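**Student:** The lines below spell out each chain.
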Amino acid sequence: MPPLLPIDLLLIAVAAWLLIGLAGLAAPGNLRYISKRLFPLGALVGLALGATALNFLGSGPQVAVLAIGLPDLPFHLRLDNLTAVFALLLGFASAGISVYAAGYFRKGQGTAPGLLCLEYHFFLASMLMVLMADDAYAFMVAWESMALSSFFLVTTDHKHAEIRSAGYLYLLIAHVGAIAILLSFGVMTSGTGDYSFANMREQHLSPFWASSAYLLALLGFGAKAGLVPVHVWLPEAHPAAPSPVSALMSGVMLKTAIYGLMRVSFDLLGSQPLWWWGVVAMAVGLVTALFGVLYSTVQSDMKRLLAYSSIENIGLLAVGIGLALLFRSYKMPVLAALALTAVLYHCLAHAGFKSLLFLCTGSVLHATKERSLGKLGGLIHPMPWVAWLALVGVIASTGLPPLSGFVSEWLLLQAFLFSPGLPHSWLNMVVPVSAAVVALVAALAGFAMVKFFGIIFLGQAREEALKDAHDAGPWERVGLVWLAGLSLALGVLPSTIISLIDAATRQLLGTGLADRMKENGWWMLAPISPERASYQPLIFLAVITASLLLGRQLVRRLYHGRVRRSPAWDCGYVFQGPRAQDTAEGFSQPIRRIFETLFRMQSHIPTIRDERPYYSVKVEDHFWHWLYLPLARLVTAFSHLVARLQGGRIAIYLLYSFVTLIFLLLVARP
Amino acid sequence: MNIFGLVGQIFAIALALFLAPLLTGWVNQCRAWFQNRSAPPLMQPYYTLHKLFLKDVVLAHGASPLFRFAPFVVFGCMILACAIVPTLSTDLPFAPAADMLALVGVFGLARIFISLAAMDIGTSFGSLGGRREMLVGFLAEPALLMVIFTTALICQSTSVATIVETLAHRDFIIYPSLAFAGIAFSFVSLAENARVPVDNPATHLELTMIHEAMILEYSGRHLALVEWAASLKLYAYSCLGLALFMPWGIASGASILGLAAALPILMAKLAVGGFLLAGIESVNAKLRIFRAPEFLGTAFLLAVLGLLVRLLLETRV
Chain F
1 MPPLLPIDLL LIAVAAWLLI GLAGLAAPGN LRYISKRLFP LGALVGLALG
51 ATALNFLGSG PQVAVLAIGL PDLPFHLRLD NLTAVFALLL GFASAGISVY
101 AAGYFRKGQG TAPGLLCLEY HFFLASMLMV LMADDAYAFM VAWESMALSS
151 FFLVTTDHKH AEIRSAGYLY LLIAHVGAIA ILLSFGVMTS GTGDYSFANM
201 REQHLSPFWA SSAYLLALLG FGAKAGLVPV HVWLPEAHPA APSPVSALMS
251 GVMLKTAIYG LMRVSFDLLG SQPLWWWGVV AMAVGLVTAL FGVLYSTVQS
301 DMKRLLAYSS IENIGLLAVG IGLALLFRSY KMPVLAALAL TAVLYHCLAH
351 AGFKSLLFLC TGSVLHATKE RSLGKLGGLI HPMPWVAWLA LVGVIASTGL
401 PPLSGFVSEW LLLQAFLFSP GLPHSWLNMV VPVSAAVVAL VAALAGFAMV
451 KFFGIIFLGQ AREEALKDAH DAGPWERVGL VWLAGLSLAL GVLPSTIISL
501 IDAATRQLLG TGLADRMKEN GWWMLAPISP ERASYQPLIF LAVITASLLL
551 GRQLVRRLYH GRVRRSPAWD CGYVFQGPRA QDTAEGFSQP IRRIFETLFR
601 MQSHIPTIRD ERPYYSVKVE DHFWHWLYLP LARLVTAFSH LVARLQGGRI
651 AIYLLYSFVT LIFLLLVARP
Chain G
671 MNIFGLVGQI FAIALALFLA PLLTGWVNQC RAWFQNRSAP PLMQPYYTLH
721 KLFLKDVVLA HGASPLFRFA PFVVFGCMIL ACAIVPTLST DLPFAPAADM
771 LALVGVFGLA RIFISLAAMD IGTSFGSLGG RREMLVGFLA EPALLMVIFT
821 TALICQSTSV ATIVETLAHR DFIIYPSLAF AGIAFSFVSL AENARVPVDN
871 PATHLELTMI HEAMILEYSG RHLALVEWAA SLKLYAYSCL GLALFMPWGI
921 ASGASILGLA AALPILMAKL AVGGFLLAGI ESVNAKLRIF RAPEFLGTAF
971 LLAVLGLLVR LLLETRV
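Keeping their order, the protein sequence lines are chains F and G. Just so you know, the numbering used here puts 298 at position 298 of the first sequence, and the rest follows in order with no gaps. Quick note: to get the numbering used here, add 670 to the position in the second sequence (first position is 1).
This is chain F alone, in the form it adopts within the complex (with noise of 0.2 Å):
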C-alpha cells in the first residue's frame, strides 16, 4: 500500500467529517451522545487536519482526482500552500469552535441536535472541499453545499420569522454570488469547455474578458464575504444563527470566499493583471471596512455590533489584496508580498479573535437570554472566564499591540508606506493618504471594541437576573482558551509564521519575505530590513508586564498595599443607580452626531413638556433605501405585470397558445 499522501490525509477528514455527521442520524435525539461524544471527536478531525497543513507548508502541490459525480465529470482536487494556509485556518479554528459546540447546544425548540451535527459537520466538510476544488464543476458543487448547509444552521430557530427571513435574504444573495462567480469561471475557460482550473491558468484572455472575469468574482465572492453593497445578509444571518455557527461562518466561511478571490485573481487570472484591478479592490475594501465599523460602532445587538466588525475586517482584507494586486501589476513583487502576507496573517487572525468573540458573545446569551446590549452589564463579576478570554479578543480585535490583529495592521501600513514608489503619476499619491482611513477604521474599531467590552461586561449590571448569571461550562472554557492562545502565539510570534504562510505567498507571486526574515531571528519582525521597520512583540510584552510587576512591587514594598471599600464617588452624585450608566446608544452618540450623513437614523428625543418621555433612536442601513428596496419594488411590480397575463381561465390560456402559433408561424415562414 503506497504511503498517505497529505492530500489523502485531507479527504480522510472530509470523510470523517461526513461519517460524524452521519452518526448523528442514528440518534437524533440523544443530546449527550451527540454533544459530548460527535462534536469533540469532530474537533479532533480538526485538529489533526490543521496539522496536517501545518506539516505540508512549504511542499509542492498534490493533486488526485476523485470518480465521483457525474459519469464524464470527476472532482479534480489539489493541495498547494494555498489551500494549506486556508486548510490550517479551518482545522484549528473549528477545533476550538467544536470544542466549545459540545458544551453549547442545548436541548431547544428547534432542529433537532442529531440534524444540527449532520449540518454543522456538512458545513465543515464543504468547506474544506472548496479550499481542495480545483476544477470549476468541483468548486461549485462545494460552494453550493457550504451555502446549503449554513443556511440549515442559520435558521436553526426557525420557529421565529425574523430568523426565517434573515436565513432567506442570506440564501438569495449567496446565489446572486454563487452565479456571477459561475459566470466568472465560464468567461475563464474562454469556450473550451474545460473547467479545470489547469486550463484556465493556460488562457491567455483579452483585457476586456480577463477584467469581466475578474469583476465577476469580485462581486460572487464580495457577495460571501460582505463587500459593501451585497452585505445586507451579513448582520441579519449572525445574529440568527446560534453561536457557535455565527463563529464558524464569520471565523472562516467568510475567509473561503476571500480564498476564492485571491485564487481567481492571483492563480487562475495570474498572467495578465491589469493596474486598476488593485484600485476597485482597494476602493471597495475602504468603502467597506469604513462602512462596517461605523454602523458595528451604533449597534445595540451584540452579535450585530460583532458582525458589522467582521464586515470591516473583510474590508481590510479587500484593501490588502488590491494593494497587493496594484504591486504586482507594476513588477513590484516583494511590496506585492508584503500586502500579501498582512492578507494573509490578517486571515488567520481574525479567525481566532472573531471566533472568540462570538463564542463569548454565546455564553453570555446562554448566561442571560439576552442579546441586546442595553440590558446587560458588570457580567464580569460573575462570568470571569469569559470576561477576561472576550478582553483577549477586544484587543486582538481592536489591533493594538502584543496579539495578533495588531501584526497584520502594521504589515498592512508598511505596505502602504512604500506606494509612494508606484510608477503612477496620481496613484502614488491617493494611495498613500488612504492608508489615513486604515487607521481610522483602526481607531473607531477600538471606539466599537470598547463598547461592546464595556457595556456587557463593565459597570453595574442593567437587570436584577444578571446576577445569578453563571460563567461557561469546561467544555466551552477549553474551546474558548484555545482560540485565544491562537490570538496570542499570532500575536507575539510573527516571524515563525510568517516563514509558515510564505510559501503561499512564494506560490502566488514568485517571492515571499521569509528569505529576508531570516537572518534577524525569530523573535524580531522586519519584513524587508531591520533599518526600515522592526517589531518585536516579545520583548514588547516583556517590558510591559516587567515595569508592571515591578511597579506593583515596588509599590507595595516602599509604601502599602492597603484597600478600604466604600460606595462610588462620581463627584457626590447621590443617585447612582444602573440607569445612570451610559447605555449602548448613549455611548456610541459621539459617532451618530460626527457621521451623522452616513446613517439613515429615525429619532425620538423627549422635550419637557411630555407626559410620558421616551427616548428612541433606530439606525438603518442607507443601502436598503437605496438600492434594495427599489431592487425588490421593481421586481415586485414586474411580477405584477407578469400576472396580469394569468386570468386564471382556461379559455384566455388557449388563447395565448393560439395567438403563439399564429405568431410563430409568421415568424417561422419559410
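I should point out that these hints are in silico values taken from the structure, not numbers from a laboratory. Given the structure is predicted, the values throughout are model-derived calculations rather than measurements. Careful, some of the hints might be misleading.
[What the hints assert, rightly or not] Incomplete in silico selection of chain G near chain F, CB under 8 Å:
1) 700
2) 703
3) 726
4) 887
5) 895
6) 896
7) 897
Every residue gets a Cβ at the ideal spot worked out from N, C-alpha and C, and that includes glycine.
Based on these hints, arrange chain G on the given structure of chain F.
**Tutor:** What follows is chain G alone, placed relative to chain F:
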C-alpha cells in the same frame, strides 16, 4: 547591543520617570504665572505623588479586578513608550522592539485600558469620560498616522531611532513638509494629552471633563500611577516632537560625553516647550466637545498637506 547601550537605556527610563513630573510641575508653574496666580512649587507633582502613595486605596464596591489592574498596565505602556522615544541618545537597545506605528499602538493600548477602567464602576461620569476619550482617540489617530508617514517617507524608515538619527545628522535643509507635519503633530499632542483646547487638566467642572472624568473613582496608589502615567505621556509626546522636529543635540552613539552634553540641551528644550504649552493653554479657551472634530480635522488636513508637499515637491531631495 552592548552593555553601555543597556545602561543608557535604563538611564533613559529612569530619567523619564524623574523628569516627567518635573515637566508637569513646570507647565503648571508657567501657567500660574501667565494667569497671574501665585505659582505652586516646581516639585509639587512629586509631593502629590508621595501623598497619594501614602494614602489608602478607596475602592468602589462594584470595582472588578480590571479596575485595579489597569493603572499598572497604563503605567507599563508609558514606560515602554519612554524607552523607545530617543531623548538623549539614539542608541537604544529597546528601540527595535517597536517602531512609530507600534508606538501609536502602545498609546492605543493604554487608552483602551483606561477607558475600560472608567466604565468599570458603572457611574455616569466614568462612561461619559470613556467614550469621549475614545472619540478623541479616533479623531487624532489618522492625523498622527499621516505625520508618521511624512517623516517615514523622508527617512525611508518607521523606526524612531533611525528617523531621529537621519533628521538630526543631515545637512541643514528645510523641509516644508516637516513644518506642516510639526503643526499637525502639536495639535494631536494637545488632544492626546488632554490639554486645552480639547480638554482641561485643571477642570473639575463635571460636564466638560474627559481625562478627569475617567479617573474620578481612582484613589491612593492607583491614582498616583495614573497621574504619573499621564505626565510620562506628556513627556513622551514632548520628546517625540522634539526628536522629530528639533532633533539637534541628541547623541547618536553611546558615550558619556555625548550624554552629558545632550542632557542640558534636552532640559532646555523641554523648558521652552513647557513654557509654550502653558502659553497656549492660557490664551485659548476649551472647545465644546463637538468642536473637537473640527480641531483635529484641521490637524489631519495639515498632515495630509505635509504628505502631499513631500510627495509633490520634495521627491528629489
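**Student:** Now tell me, hint by hint, if it's right for this structure.
**Tutor:** Against the structure, the hints come out as follows:
The interface hint given for residue 700 of chain G is violated, since its Cβ lies 29 Å from the closest Cβ of chain F, which is over the 8 Å cut-off. Proximity of residue 703 of chain G to chain F is violated relative to the hint, the smallest CB-CB distance being about 30 Å (cut-off 8 Å). Restraint check, residue 726 of chain G versus chain F: the minimum CB separation of about 5 Å is within 8 Å; hint holds. Below 8 Å, beta-carbon pairs count as interface contacts, and residue 887 of chain G has one with chain F at about 6 Å; its hint therefore holds.
The interface hint given for residue 895 of chain G holds, since its Cβ lies 7 Å from the closest Cβ of chain F, which is under the 8 Å cut-off. Annotation: residue 896 of chain G was flagged as interfacial toward chain F, and the flag is violated, the nearest CB pair being 12 Å apart, outside 8 Å. About 13 Å separates the beta-carbon of residue 897 of chain G from the nearest beta-carbon of chain F, more than 8 Å, and the hint is not met.
In terms of the numbered hints stated before, the structure departs from hints 1, 2, 6, 7, listed from lowest to highest.
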